[in-house]
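2 protein chains.
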Amino acid sequence: MDDPSPHFADALIERVRHLGHPLCVGLDPHLERIPEIFLPRPAEPGDPRCAAAVEDFLNAVVDRLQGRVALVKPQIALFEQLGWRGLKVLESVAARARGHGLIVLLDAKRGDIASSAEGYARAYLDPRSALAADALTVNPLLGLDTLDPYLRHVRESGRGIFVLVRTSNPGAEEFQDRPREAPLFERLAGALAEISAGCRGGRTGWSSLGVVVGANRPEQAQRVREILPHSLFLVPGFGAQGGGAGDALRGFVSGPRGREGGVVNSSRGVLFPAAGESGDAAAWEAAFDSALEAAVSQLGEAVSG
Amino acid sequence: MDDPSPHFADALIERVRHLGHPLCVGLDPHLERIPEIFLPRPAEPGDPRCAAAVEDFLNAVVDRLQGRVALVKPQIALFEQLGWRGLKVLESVAARARGHGLIVLLDAKRGDIASSAEGYARAYLDPRSALAADALTVNPLLGLDTLDPYLRHVRESGRGIFVLVRTSNPGAEEFQDRPREAPLFERLAGALAEISAGCRGGRTGWSSLGVVVGANRPEQAQRVREILPHSLFLVPGFGAQGGGAGDALRGFVSGPRGREGGVVNSSRGVLFPAAGESGDAAAWEAAFDSALEAAVSQLGEAVSG
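Protein chains in written order, with this note's numbering: chain V, 1 to 305; chain Z, 306 to 610.
The set of hints was computed from the structure by calculation and includes no laboratory data. It should be emphasised that the depicted structure is a prediction, and the values quoted were computed from it without experimental measurement. Any given hint could turn out to be false.
Stated by the list, open to error - In silico negatives: residues of chain Z with every beta carbon more than 10 Å from chain V: (1) Pro-345; (2) Ala-365; (3) His-405; (4) Arg-508; (5) Gly-515; (6) Asp-585.
Said to hold, decoys possible - Some chain V residues close to chain Z (C-beta under 7 Å, calculated; not the full set): (7) Cys-24; (8) Tyr-120; (9) Phe-185; (10) Ala-197; (11) Val-212; (12) Phe-272; (13) Pro-273.
For glycine and all other residues, C-beta sits at the position ideal for the given N, C-alpha and C.
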């Protein structure tokens, strides 16, 4: 990728043509499958020796792949299970692979709203990041607009992305295949109903299988509540994203201490109050407390009102 | 959560009832928004000082939240943008929050097939993990079976999950709302067509916006190829998952050096050959090379055949 105007697909396909095959080798360090010459047993993910063994194993793998395949695909979940040490190993293995001329496609299946997607794009596609890969797998469920931060790096830094369209696992057909009469969110909710009911608590009756339901479409929140009477809602979009407390609580129901049935999230509105941008520590503390109290009292009133 | 039989929803809702409001505070450390008293400017995500500043800032935030909200929601993307140091900060901030009696809901929106989901579940819900949270957000697009590893911790360790059903971002309606006549995977592919065409390389004509298309449904691969003639395919499911080379290449087209149009991934089949499970380093190398060569030659033949 030292091309003056690099382009992921060009570089990859030229390499594939040169090698004569399109094999991509997945770097999935399942601990229970790593040869004992690299990782003596027993081995628990929390043991720091695991990270060192994964590094030794994958270094040996990558050395053997040099010049023989076009690309490798680390599965980040299996690095994350090792905690921060796992990400450090990923950084080092990816650098070694790229040093060998291998293209690195990071299989992370990230998908999130714009500002979080920006964080993922910075982490995994920005050339200045130590963890930057040549390409990244992304999940489109949240909408095409959420792909923009990745697409900027596709266009400006010659990176690539792979969007999930039809995955290969047994359950993929559940949502991805069949024609739908109902909107997908109702299908999703309906499909979760039985599992949700099976995860109810003995004391409150609420289920530990919750759902994310935005505050910006209160009528949809009510519909999801009808379908999933026991699931807690995690309601984003309160405060900074424009949703009011009343809308945020639309899927809530009467409980022993007012309306209940979920939690309402605020990130920017509390964490970064406008008044807290300058000044000393005391000013920040005051601004923070004030924003927090405002959010708490709005919701407290809406719950009891 | 010191209850002898802990249950996430019970513990959360009882705390919410006690406090009288359902506010969840998102811990989203956007670097450009962190007060200068914590992080002097300029600050780049790659600078190790950023991680220390995020830790100081969030420690101060968490200290102020004690006893005032039921839970906090760290957005992991903004930790990941700091690399492995970011995960280390997340570990420490989450521990401090839990020490204060705050429930920690990790917003990671993870979604992947079973073995990778197992890694995420180990990382973020297993009580033995240093990064374990009380609950996790998950993406259901890959199917309900992919939720099983998380659900095991819901049932056995008293953890919770929140499944994305209708998110709050502007683009969410694209896939989540409207009734569909065509299968979702065709809709997804169709919606990507124009962007894909805009990301084509000048030398090969292939696009850097690729798609994940499983090898187990060749007729669907052909349909996606019709809709997205320029997108590279990342084809999982070759080898260990039972797909043959012919099926894996079903969405490929004629190129100057045989059939082309994507890459075919093998993880277990190459990384963990059955013959490499015991023996010395030389035996492992031989088994590895043999599995690799088998995969390479199968695909090489399919490409040129």
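(message) Please list, smallest to largest, the hint numbers that this structure does not respect.
(response) 2, 4, 5, 6, 10, 13
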